[in-house]
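Could you build all of it, start to finish, from the sequences and the hints given here?
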Amino acid sequence: MVRNDYIPFSSEILEVIKHTDIEYTFRMAFRGDVKPGQFFEVSIPKYGEAPISVSGIGDGFVDLTIRRVGKVTNEVFEHYVGDRLLMRGPYGNGFDLENYKGKELIIIAGGTGVSPVRGVISYFAEHADERKDMTLIAGFKSVKDLLFKDDFPYWREKMNVILTLDSGEETTEHKIGLVTKYIPDLKLQDVSKAVAIVVGPPAMMRFSVKGLLERGFREENIWISHERKMCCGLGKCGHCKVNDTYICLDGPVFNYTKGKTLID
Amino acid sequence: MDTNTAKLKKNAFRVTKERGLTASRVRVPGGHLEAKYLGVLQNIAETYGNGTVHITSRQGFEIPGIPFDKMDEVNAALQSIIEGLEINQEAENEGYPAAGTRNITACIGNRVCPYACYDTTVLAKRIEKAVFPNDLHFKIALTGCPNDCGKVRMHDFGIMGMTEPQLDPNRCVSCGACVKKCEKKSVGALTMQNYRPIRDAQKCIGCGECVINCPNRAWTRSEQKYYRLTLLGRTGKKNPRMGEDFIKWADEESIIKIILNTYDYVKEYINPNAPGGKEHIGYIVDRTGFEEFKRWALKDVNLPEKAEVMSPLYWKGIKY
Amino acid sequence: MGFHVNESQFDAWLTEQQKTYDIYAPKCFAGGNTFSDVDCIRYGKVNSISKIVFDQKSEYSFKEVLTPISQTLFFFTEEQCKEADPPKKGAIIFLRSCDLHALKRLDDMYLHNGPADYYYKRIRDNIKIVLIGCKHSFESCFCVSMGTNISENYDMSINVADGVYELNCKDVTWNQFFLDLGASRHLVVPDQVHENKTVVKIPVNLTADVARSSMWEQYNKRCINCGRCNFVCPTCTCFTMQDLYYTENAKVGERRRVWASCMVDGFTDVAGGGSYRKKNGERMRFKVLHKVLDYKQRNGYHMCVGCGRCDDICPEYISFSHCVNKLGDAMKEVTK
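Top line first, the protein sequences correspond to chains E, Y and P.
Under numbering that gives the first Met the number 0, the residue at position 194 of the first sequence is numbered 193, and the numbers go up by one with no gaps.
Under numbering that gives the first Met the number 0, the residue at position 238 of the second sequence is numbered 237, and the numbers go up by one with no gaps.
Under numbering that gives the first Met the number 0, the residue at position 171 of the third sequence is numbered 170, and the numbers go up by one with no gaps.
If you're looking for bench data, these hints aren't it; they were derived computationally from the structure.
Incorrect hints may have been included.
So these bits of chain P aren't anywhere near chain E, every CB distance computed over 10 Å [stated by the list, open to error]: (1) G31; (2) D116; (3) K169; (4) N174; (5) Q191; (6) N204; (7) N219; (8) T239; (9) C261; (10) D268; (11) P314; (12) M330.
In silico BS3-like pairs for lysine-lysine, Cα to Cα no more than 27 Å straight-line [as the list claims (entries may be wrong)]: (13) P:K278 / P:K220; (14) Y:K184 / P:K220; (15) E:K102 / E:K157; (16) P:K295 / E:K259; (17) P:K250 / E:K259; (18) E:K70 / P:K120; (19) P:K278 / Y:K183; (20) P:K335 / E:K257; (21) P:K134 / E:K259; (22) Y:K179 / E:K45; (23) P:K250 / P:K325; (24) P:K120 / E:K257; (25) P:K277 / Y:K180; (26) E:K70 / P:K250; (27) P:K87 / Y:K184; (28) Y:K184 / P:K278; (29) Y:K315 / Y:K150; (30) Y:K183 / P:K277; (31) E:K259 / P:K277; (32) Y:K180 / P:K44; (33) P:K81 / E:K140; (34) P:K103 / E:K209; (35) P:K44 / P:K103; (36) P:K169 / P:K120; (37) P:K134 / P:K169; (38) E:K157 / E:K186; (39) E:K209 / P:K278; (40) P:K295 / E:K257.
Note that the structure is predicted; figures quoted are calculated from it, not measured.
Note that beta-carbon positions come from the ideal geometry of N, C-alpha and C, so glycine has one too.
Here's what the structure looks like:
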């Protein structure tokens with residue numbers, strides 16, 4: 000008999016990390032295979048389900064960084080350590096770290112777009128020997144929108160980090176300006192072999208990729224991750240379909256050669 | 000020239016401004032007729048009249064310019080229309096037996112219009128059969144839905160089609176089209192709860208917008224047809240006014256019975272000195288009080304359980 | 000085996016089958032249409048062949064038997080989820096050749112696009128198909144263009160002749176039933192159409208580039224994004240999850256999936272306010288290209304089965320087949 004993929008499992012909230020007023024990371028008990036860039040359908044009975052990408056993976060847990068923007072996520076924020084949430088997944092392809100190993104790596108992430116790549120950043124922070132030079136360009140709207148503040152000091156030790164805000168005063172911690180501003184000046188040994196990951200709002204991704212291509216990146220060396228409405232995560236509900244592609248099955252991470260063909 | 004004008008008028012002819020010439024008034028209950036009768040009208044107009052036909056404000060035809068001495072021939076020529084439209088008649092070839100109770104008008108109804116909740120012509124003809132001929136001045140009009148294209152509120156009896164929308168929740172896809180359309184085009188009787196529309200039966204006017212806009216047949220029309228009956232609207236010199244709601248969710252039987260009862264009421268209470276024996280029912284009700292009218296009107300009427308009777312009624316309108 | 004049976008013989012078979020199956024067929028819902036005094040032909044349970052409508056096309060397809068419009072997946076209390084029960088009986092579905100081809104699309108979507116769907120499969124495993132022969136094509140049909148006019152994979156077929164039902168039965172048990180009933184044996188081939196009034200040509204050079212054509216713009220205004228085309232389509236499968244609580248006991252509720260339409264507002268809304276394909280023309284393009292391009296790229300054959308229901312139902316008289324026939328010129332426009 001076929002498995003019933005729709006019935007969620009119950010998972011305990013192990014820890015809640017508050018980033019901003021509306022963005023918390025919920026550390027959820029989970030054992031099983033999971034990759035950065037994959038997502039879970041998180042639900043609360045009576046409120047519904049929402050796809051949430053994995054922002055961290057550890058022994059016996061996954062981190063889900065949740066932005067309080069809807070019916071389900073509002074309700075999630077009413078839950079505390081020791082409470083339980085319903086989950087199913089992980090779904091999607093996630094990032095394949097093999098694509099980036101032994102290469103110069105640029106990661107450009109905007110806002111909550113940092114969540115799905117946080118696992119990639121962390122991995123290559125800890126395993127610096129598995130890649131060449133690495134640059135993270137992380138953009139947020141303002142100081143109060145900063146996510147993963149506690150990660151940045153460690154990341155700065157391990158890689159070149161450009162933290163930039165859309166507005167405000169420039170400090171030693173962060174610059175002011177859009178992420179695209181820093182692409183032309185990226186120092187690269189061999190742009191033809193360098194790889195890049197771009198995740199964030201649609202416009203930010205579009206202009207960042209444009210910048211990378213102008214900088215000489217090859218299309219096949221760029222990966223992006225898409226956000227779409229997803230009701231099932233199983234290739235059935237149809238909401239995330241774009242062209243012949245189901246974001247939940249074939250993505251959300253796409254090599255740009257494929258990603259560029261997706262017309263909503 | 001000697002002509003009994005009262006007799007002439009009762010026979011659905013008119014005293015016109017041109018001496019010796021009359022006009023024949025052809026009633027078309029429900030306003031819908033087979034096109035072949037237009038040929039008959041053309042023939043009468045060209046043979047006896049001045050070759051023109053007026054489309055009346057009550058959905059009839061008026062053929063002017065007929066000499067008084069041709070009335071018998073015109074009556075004979077009208078016979079095929081009178082029979083074809085199944086008008087109650089007293090004697091063959093003698094034309095219409097009365098003109099007081101006016102032609103029963105109707106909007107085009109559900110033979111054509113997507114909004115209409117019933118076949119207005121069929122009901123108009125049924126009422127015509129029940130009330131005609133009658134000399135009393137009654138104006139009855141039917142319209143298919145609460146859009147009231149038939150302007151029935153300007154009549155003594157206005158009959159407005161309603162449907163009681165039925166929701167099959169298992170066919171509802173939560174698209175919200177019904178709620179949006181009810182809000183924008185009708186009275187906002189629907190709200191969404193638990194992804195399904197909830198209908199406020201008190202607010203609902205039975206227009207059927209929810210049914211019309213439902214893409215999946217979740218909303219359908221009630222098998223039973225319902226009507227709103229509006230009362231005693233009128234035009235005229237003294238106090239023109241809009242008809243007021245009398246019964247919501249009424250049925251055909253009750254409406255016909257109420258109209259017939261009203262004839263009895265008017266016979267009892269009409270001013271015996273009314274000019275031409277005509278008095279708008281509204282003025283009679285003003286005199287007797289609404290309760291007395293209601294007592295007569297609802298005699299032996301068995302309204303459906305759903306029916307809501309409004310009482311007392313007050314009319315506004317313009318007073319000169 | 001082929002049989003000619005009369006009404007009472009067929010009903011004897013139906014009665015027998017109803018012990019284990021619900022029988023679904025196009026039937027008349029009196030007054031069930033949008034407009035007053037107009038009937039609706041759609042699928043429902045029948046218990047006699049006299050209730051089956053053979054001379055008209057059903058406005059809505061058979062798909063609601065396999066993918067219920069609103070399907071409860073599980074019930075929840077504070078602590079646990081309880082799976083909803085499957086239908087008590089299997090289903091025998093009367094459908095035409097186009098719809099039987101649509102069943103293959105449903106199967107590929109629900110069983111092979113990603114993991115097999117539990118709720119679909121548990122119904123699918125218990126259905127049998129009676130193919131309704133088509134003596135003639137209806138106005139909007141274009142099954143011949145889509146290659147869906149002939150079907151073989153049925154359990155029984157039925158042609159309606161004068162007072163006689165001609166059956167071609169492949170089910171061994173059913174064959175025996177009709178033999179025991181003394182039904183007369185004949186050679187029967189399901190009625191098929193080989194020509195439609197509507198002919199559709201999907202350009203062989205069609206690519207997603209056609210999205211850039213100006214042809215879609217007219218639909219921005221013409222289309223009212225009501226979704227009827229999706230709901231009547233036998234191959235549209237999209238759904239949305241809904242959680243609801245029972246008003247009498249707020250702690251208890253259910254999660255269900257409900258048909259969704261890519262034409263209706265909200266289909267692409269993501270939490271936080273983003274959405275895609277805001278214009279109706281873009282939605283039309285998305286739907287049309289799914290039916291005649293995207294699906295084939297993924298599955299090797301076209302999704303549209305040419306039943307023409309979308310043309311029949313559109314209140315704005317937008318014709319899908321007419322739109323598809325404009326794709327050739329649109330490709331010329333975007334490739335010049």
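Distance restraint between K70 (chain E) and K120 (chain P), which requires alpha-carbon spacing of 27 Å or less: violated, 31 Å
Whether N174 (chain P) stays farther than 10 Å from all C-beta atoms of chain E, as the label says: Holds, since 30 Å exceeds 10 Å.
Holds or violated: K250 (chain P) to K259 (chain E), with C-alpha atoms at most 27 Å apart: Violated, at about 46 Å.
Restraint status (C-alpha distance of K209 (chain E) to K278 (chain P) at most 27 Å): The hint holds at about 26 Å.
Restraint status (C-alpha distance of K184 (chain Y) to K220 (chain P) at most 27 Å): Answer holds: K184 (chain Y) to K220 (chain P) is near 19 Å, not above 27 Å.
Hint consistency between K278 (chain P) and K183 (chain Y) [alpha-carbon to alpha-carbon, up to 27 Å]: holds, 21 Å
Restraint check for K259 (chain E) with K277 (chain P), where alpha carbons must lie at most 27 Å apart: With Cα atoms ~20 Å apart, K259 (chain E) and K277 (chain P) stay inside 27 Å; holds.
Pairwise hint evaluation, K278 (chain P) against K184 (chain Y), where the allowed Cα distance is 27 Å at most: holds, 23 Å
Non-interface label on Q191 (chain P), tested against every C-beta of chain E at 10 Å: holds, 31 Å
Hinted pair K157 (chain E) and K186 (chain E), Cα distance within 27 Å: With Cα atoms ~16 Å apart, K157 (chain E) and K186 (chain E) stay inside 27 Å; holds.
Non-interface label on D116 (chain P), tested against every C-beta of chain E at 10 Å: violated, 6 Å
Chain E versus P314 (chain P) - minimum CB to CB distance exceeding 10 Å, so not interface: holds, 23 Å
Consistency note: the structure conflicts with the earlier hints numbered 2, 8, 9, 10, 17, 18, 21, 23, 24, 27, 32, 33 and 34.
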